[in-house]
Each structure stands twice: as structure tokens, then as C-alpha cells.
Amino acid sequence: GENVEQHPSTLSVQEGDSAVIKCTYSDSASNYFPWYKQELGKGPQLIIDIRSNVGEKKDQRIAVTLNKTAKHFSLHITETQPEDSAVYFCAARGLEKLTFGTGTRLTIIP
Amino acid sequence: EADIYQTPRYLVIGTGKKITLECSQTMGHDKMYWYQQDPGMELHLIHYSYGVNSTEKGDLSSESTVSRIRTEHFPLTLESARPSHTSQYLCASRWRQNTEAFFGQGTRLTVV
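Protein chains in written order, with this note's numbering: chain H, 1 to 110; chain E, 1 to 112.
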């Protein structure tokens, strides 16, 4: 089955700086890669996703890059703000289910 | 805003009790999922369903059971709760394979 590794597990960033979270996956057949943000006391919510026919996607301060050859994808958050503090999960679509990474706790330092 | 609801949000229950965690969605999604989330964040898939009368076990072995009699409901049942079942349980649904999965708010279960 699919295996997704996510790094780092914790990340502290000064407000205004950029944050990068990286994931690798094992199944070369995977073709859908979403990123979820989970705030305290809530369920994860999709913030951006990318499909395998695209190398990069951007939505305001958030961008995702995908390298299918190397089987890794990354989340980039620029101009970080306090409300970006949360747990972030990457995921890769396997056969019928999404396989999640282990999560990154991002803390924005004011 | 996702139309997927979990009840209760919090539950404290004694060992040996039978409990059912409810999950409902009004989006008409065929695929539904239950995840168990550790205090350390990691999400573990414990059950999923392709549609009515379809249930499958996930990656993490669980003593819970699920049913899918109606498209919109995917309840999870523990016949005899134990302290080791203490965790956060998250329900999710989606329409097709390469589309967004919507999550409920979660049920935080504590077995004492």
C-alpha cells in the first residue's frame, strides 16, 4: 500500500517568514495530493491540492510543488501570519483511500 | 462549509459500555471514512465504505464496527468500551477518488 512520510514534525517560524513542509510517497500510481490544515478542536480542512499532471499550484500565500519522478511534494506558505498556526497534513491517493502523512505542527512566532 | 456532522463532540463513558458514534453527511457522497487520531496527531484509517452495504477495514486494526445502511449515515460502534479506546475519532466523506475529502469536527472519546 501507499506510504507517506512527512517532515518536519514540528516547525516554528517567525511571523512574516516562509514555512516549508515536505512529503514523500511510495506508490508511483498515486495521482492526487491534497494538503489539510487542522486547527485545535476541529477536523482537518483542505487548503490546497495538486494532481499529477501539474508541477506547481498556487493560491495566494500557499503553494504546492510536485516532483513525480522523485515522488515528493511540498507545501510552501509565504508571509506567515499567526492564524497559520495549526497542524498540517499531506496525503496521497492510493487505491480507494487517502493515506496521510504524520502531520506537522506549525507555530508562528509573533 | 462542509455538510458532515459528528455527534457527540465529547463523550466520557465507563469501561464496558456500548457506544455508537454518529456521522452524517448531506452531500450525497458515496465514500465515507473513519479515522482514529492519536494525541500525537497521526491519522489512522480504521474503516471505510464505498457506498450502501459496503464496509471495509482500514489500515489500523480496530475493535469497532461500522454499518452503512443509508448513504448519509456511517455510524461507528464499540460493543464494550475500554480505556485503550480513548482517542479522537474523525469521520470524512468524498464523492470521487480524486476529489476533496470533507471531515467532521470529530468526537473526542474518553473511556474511564
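Calculated directly from the structure, the hints in this document are not laboratory data.
Misleading hints may appear alongside valid ones.
Selected chain H positions facing chain E (Cβ under 8 Å, derived; list incomplete) [stated by the list, open to error]:
id: 1; residue: N3
id: 2; residue: P34
id: 3; residue: K42
The calculated SDA-like cross-link candidates involving lysine to any residue, where the alpha carbons are at most 25 Å apart (straight line), are [as the list claims (entries may be wrong)]:
id: 4; chain 1: E; residue 1: K57; chain 2: H; residue 2: T107
id: 5; chain 1: H; residue 1: K37; chain 2: E; residue 2: R82
id: 6; chain 1: H; residue 1: K68; chain 2: E; residue 2: T55
id: 7; chain 1: H; residue 1: K42; chain 2: E; residue 2: N53
id: 8; chain 1: H; residue 1: K37; chain 2: E; residue 2: P39
id: 9; chain 1: H; residue 1: K71; chain 2: E; residue 2: D3
id: 10; chain 1: H; residue 1: K58; chain 2: E; residue 2: L11
id: 11; chain 1: E; residue 1: K57; chain 2: H; residue 2: K68
id: 12; chain 1: H; residue 1: K42; chain 2: H; residue 2: G1
id: 13; chain 1: H; residue 1: K42; chain 2: E; residue 2: R9
id: 14; chain 1: H; residue 1: K22; chain 2: E; residue 2: E72
id: 15; chain 1: H; residue 1: K68; chain 2: H; residue 2: K42
id: 16; chain 1: H; residue 1: K42; chain 2: E; residue 2: T65
id: 17; chain 1: H; residue 1: K58; chain 2: E; residue 2: P83
id: 18; chain 1: H; residue 1: K37; chain 2: E; residue 2: P83
id: 19; chain 1: H; residue 1: K42; chain 2: E; residue 2: P83
id: 20; chain 1: H; residue 1: K37; chain 2: E; residue 2: Q105
id: 21; chain 1: H; residue 1: K42; chain 2: E; residue 2: E42
id: 22; chain 1: H; residue 1: K37; chain 2: E; residue 2: R9
id: 23; chain 1: H; residue 1: K68; chain 2: H; residue 2: A29
id: 24; chain 1: H; residue 1: K22; chain 2: E; residue 2: H85
id: 25; chain 1: H; residue 1: K57; chain 2: E; residue 2: E22
id: 26; chain 1: H; residue 1: K71; chain 2: E; residue 2: P39
id: 27; chain 1: H; residue 1: K37; chain 2: H; residue 2: R105
id: 28; chain 1: H; residue 1: K22; chain 2: H; residue 2: T107
id: 29; chain 1: H; residue 1: K71; chain 2: E; residue 2: P83
id: 30; chain 1: H; residue 1: K58; chain 2: E; residue 2: P39
id: 31; chain 1: H; residue 1: K57; chain 2: E; residue 2: S24
id: 32; chain 1: H; residue 1: K22; chain 2: E; residue 2: K57
id: 33; chain 1: H; residue 1: K57; chain 2: E; residue 2: P75
id: 34; chain 1: H; residue 1: K57; chain 2: E; residue 2: R9
Since the model is a prediction, treat every value here as computed from it, not as a measurement.
Cβ atoms here follow ideal geometry from the backbone N, Cα and C, with glycine treated the same way.
To see whether the hints hold, each was checked on the structure:
About 10 Å separates the beta-carbon of H:N3 from the nearest beta-carbon of chain E, more than 8 Å, and the hint is not met. Taking 8 Å as the C-beta cut-off, the interface hint given for H:P34 holds, the closest approach to chain E being about 7 Å. For H:K42, the interface hint holds, the least distance from its beta-carbon to any beta-carbon of chain E being 6 Å, beneath 8 Å. Distance restraint check for E:K57 and H:T107: the Cα-Cα separation of roughly 35 Å exceeds the 25 Å cut-off, and the hinted pair is therefore not satisfied.
About 30 Å separates the Cα atoms of H:K37 and E:R82, which puts this hinted pair outside 25 Å; it is violated. Between H:K68 and E:T55 the alpha-carbon distance is near 32 Å, which puts this suggested pair outside the 25 Å criterion. Only pairs whose Cα atoms come within 25 Å are accepted, and H:K42 paired with E:N53 is rejected, the gap being roughly 29 Å. Restraint check for H:K37 and E:P39: satisfied, since their Cα atoms lie roughly 16 Å apart, inside the 25 Å limit.
Between H:K71 and E:D3 the alpha-carbon distance is near 33 Å, which puts this suggested pair outside the 25 Å criterion. For a cut-off of 25 Å, the pair hint linking H:K58 to E:L11 is broken: about 40 Å separates their Cα positions. Simply put, E:K57 and H:K68 have alpha-carbon atoms about 29 Å apart, too far for the 25 Å limit, and the pair is violated. Distance restraint check for H:K42 and H:G1: the Cα-Cα separation of roughly 28 Å exceeds the 25 Å cut-off, and the hinted pair is therefore not satisfied.
Simply put, H:K42 and E:R9 have alpha-carbon atoms about 10 Å apart, close enough for the 25 Å limit, and the pair holds. Proximity of H:K22 to E:E72 is assessed by CA-CA distance (about 35 Å); at most 25 Å being required, the pair is judged violated. Our distance criterion of 25 Å between C-alpha atoms is broken by H:K68 and H:K42, whose separation comes to about 31 Å. Using a Cα cut-off of 25 Å, the hinted pair H:K42 and E:T65 holds, with the two alpha carbons roughly 24 Å apart.
Our distance criterion of 25 Å between C-alpha atoms is broken by H:K58 and E:P83, whose separation comes to about 44 Å. Among the hinted pairs, H:K37 with E:P83 is inconsistent with the structure: their alpha-carbon atoms are about 28 Å apart, more than 25 Å. Under the criterion of a C-alpha separation no larger than 25 Å, the hint pairing H:K42 with E:P83 is consistent with the structure, at around 23 Å. Between H:K37 and E:Q105 the CA atoms are separated by roughly 13 Å; this keeps the pair inside 25 Å, and the hint holds.
With a CA separation close to 14 Å, the supplied pair H:K42 and E:E42 stays within the 25 Å bound. With a C-alpha separation of about 19 Å, the suggested pairing of H:K37 with E:R9 holds against the 25 Å cut-off. For the suggested pair H:K68 and H:A29, the alpha carbons sit about 10 Å apart, so the restraint of at most 25 Å is met. This hinted pair does not check out: H:K22 and E:H85 have alpha carbons roughly 31 Å apart, beyond 25 Å.
Restraint check for H:K57 and E:E22: not satisfied, since their Cα atoms lie roughly 36 Å apart, outside the 25 Å limit. With a C-alpha separation of about 28 Å, the suggested pairing of H:K71 with E:P39 is violated against the 25 Å cut-off. Between H:K37 and H:R105 the alpha-carbon distance is near 10 Å, which keeps this suggested pair within the 25 Å criterion. Between the alpha carbons of H:K22 and H:T107 the distance comes to roughly 16 Å, so the proposed pair stays at or under 25 Å and holds.
The straight-line distance between the Cα atoms of H:K71 and E:P83 is roughly 39 Å, outside the 25 Å bound, and the hint therefore fails. A hinted pair counts as satisfied when its Cα atoms are at most 25 Å apart, and H:K58 with E:P39 does not qualify at roughly 31 Å. A threshold of 25 Å between alpha carbons decides the hint, and for H:K57 with E:S24 the separation of about 32 Å lies outside it, so the pair is violated. Proposed proximity of H:K22 and E:K57 is contradicted: the alpha carbons are some 29 Å apart, above 25 Å.
Taking the CA atoms of H:K57 and E:P75, the gap is near 36 Å; set against the 25 Å cutoff, the hint is violated. Of the pairs offered as hints, the one joining H:K57 and E:R9 is violated, with about 35 Å between alpha carbons and a cut-off of 25 Å exceeded.
In the structure shown, a violation is registered for the earlier hints numbered 1, 4, 5, 6, 7, 9, 10, 11, 12, 14, 15, 17, 18, 24, 25, 26, 29, 30, 31, 32, 33, 34, in ascending order.
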